[in-house]
Amino acid sequence: MRDKTSILLVYTGGTIGMKQDPVSFDLRPFDFSQILDEVPELKKFGYRIDTYSFDPVIDSSDVDIEFWKRLTHLIEEHYDNYDGFVILHGTDTMSFSASALSFMLGDITKPVIFTGSQLPIGMLRTDGKENLISSIEIAASKDEAGHPMVPEVCIYFESQLYRGNRTTKYTAENFRAFRSANYPVLAEAGIHIKFNTSFIRYPEDWNQPLKPVYRLDPSVLIIKVFPGMRQQMLEALVNTPGIRAIILETYGSGNAPSGKWFTDCIREAVEKGLIVLNITQCQAGRVDMDTYSTGKSLKNIGVIGGSDCTTEAAVAKLFFLLGQYPDNKDVTYFLKKNIKGELTEM
Numbered sequence: 006m007r008d009k010t011s012i013l014l015v016y017t018g019g020t021i022g023m024k025q026d027p028v029s030f031d032l033r034p035f036d037f038s039q040i041l042d043e044v045p046e047l048k049k050f051g052y053r054i055d056t057y058s059f060d061p062v063i064d065s066s067d068v069d070i071e072f073w074k075r076l077t078h079l080i081e082e083h084y085d086n087y088d089g090f091v092i093l094h095g096t097d098t099m100s101f102s103a104s105a106l107s108f109m110l111g112d113i114t115k116p117v118i119f120t121g122s123q124l125p126i127g128m129l130r131t132d133g134k135e136n137l138i139s140s141i142e143i144a145a146s147k148d149e150a151g152h153p154m155v156p157e158v159c160i161y162f163e164s165q166l167y168r169g170n171r172t173t174k175y176t177a178e179n180f181r182a183f184r185s186a187n188y189p190v191l192a193e194a195g196i197h198i199k200f201n202t203s204f205i206r207y208p209e210d211w212n213q214p215l216k217p218v219y220r221l222d223p224s225v226l227i228i229k230v231f232p233g234m235r236q237q238m239l240e241a242l243v244n245t246p247g248i249r250a251i252i253l254e255t256y257g258s259g260n261a262p263s264g265k266w267f268t269d270c271i272r273e274a275v276e277k278g279l280i281v282l283n284i285t286q287c288q289a290g291r292v293d294m295d296t297y298s299t300g301k302s303l304k305n306i307g308v309i310g311g312s313d314c315t316t317e318a319a320v321a322k323l324f325f326l327l328g329q330y331p332d333n334k335d336v337t338y339f340l341k342k343n344i345k346g347e348l349t350e351m
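To get our numbering, take the position in the sequence shown, counting from 1, and add 5.
A couple of the hints might just be wrong.
As the list claims (entries may be wrong) - In silico lysine to any residue, SDA-like type, Cα no more than 20 Å apart, as pairs:
{"no.": "1", "residue 1": "K304", "residue 2": "D269"}
{"no.": "2", "residue 1": "K199", "residue 2": "P189"}
{"no.": "3", "residue 1": "K341", "residue 2": "G278"}
Keep in mind that the hints were calculated from the coordinates and are not lab data.
This structure is a prediction, so every number in the text was calculated from the model and none was measured.
I would like the entire structure built from these sequences, with the hints used as guidance.
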């Protein structure tokens, strides 16, 4: 039995792991094995904090399915040896990665906390130190029974802990980079860390083994509806070779152009066997295709309502479901279900 709480700190890349060269002022990755020297406050926890750094590090703009598989495999390999995992990741695609791992890792019993920063950890005004320190403390937190307080894939940023598959990067300018508009925060870090346990998912069996899923199918296309959209453009998109599913980003509660050309094009896509998932472009709120006539017309031709799912979670969920089920009927069934806390079932 381990004497100390143990955390694996994984640096994949991103701003948080950069230092400014004192001469050239260029930002360069630092040796992450020296993180305890960079953030000596971590020593005060008394935890065993081991580090692993991707080599080479990955710019978050280059994140892809193979990156998610590699990260999932790393967690699987070390799952029994640590009480929690903190993943340092670039902010641009952090919501996509957190969403993907929420599906790929299955019913986890340990915290996997993504975090990063808007300023490098070596800069005086960095937000990286607080994000890192609080993420580690949350990953190590346990209840009276010795169970993790938050056995989920999460994102921690600027005093807020979010369910990973409920987040969207909201701003590139402020320290509070992320929002979870349709689901409450799981914890808030002030003088004390307050856990909102009624909103946290807990496993039925704390002793269940990790059963990760690696089969993903990226045959997905996102189409964002906009005023002035041309018929030829939409037809070209829905006829893209090799796709199995379309995420249709619509207005408001699921509305789209009412013209016959638009409805006919989407109908032909559905009749051709494509899955079409309706997601709102709004930062908050949900798709309800029973509210307005345009939404009803989409529902009537077989478009699936995505409720309050984010685009990031919709992408990850479709990759996951398409990878598991060759029959689109199964994919359609599970798209409507709340699998990992990613949506509110209607």
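Cross-check of the supplied hints:
Restraint check: the Cα-Cα separation between K304 and D269 comes to about 13 Å, which is no more than 20 Å; the hinted pair holds. A distance of roughly 13 Å separates the Cα atoms of K199 and P189; the hinted pair therefore holds under the 20 Å criterion. This hinted pair checks out: K341 and G278 have alpha carbons roughly 17 Å apart, not beyond 20 Å.
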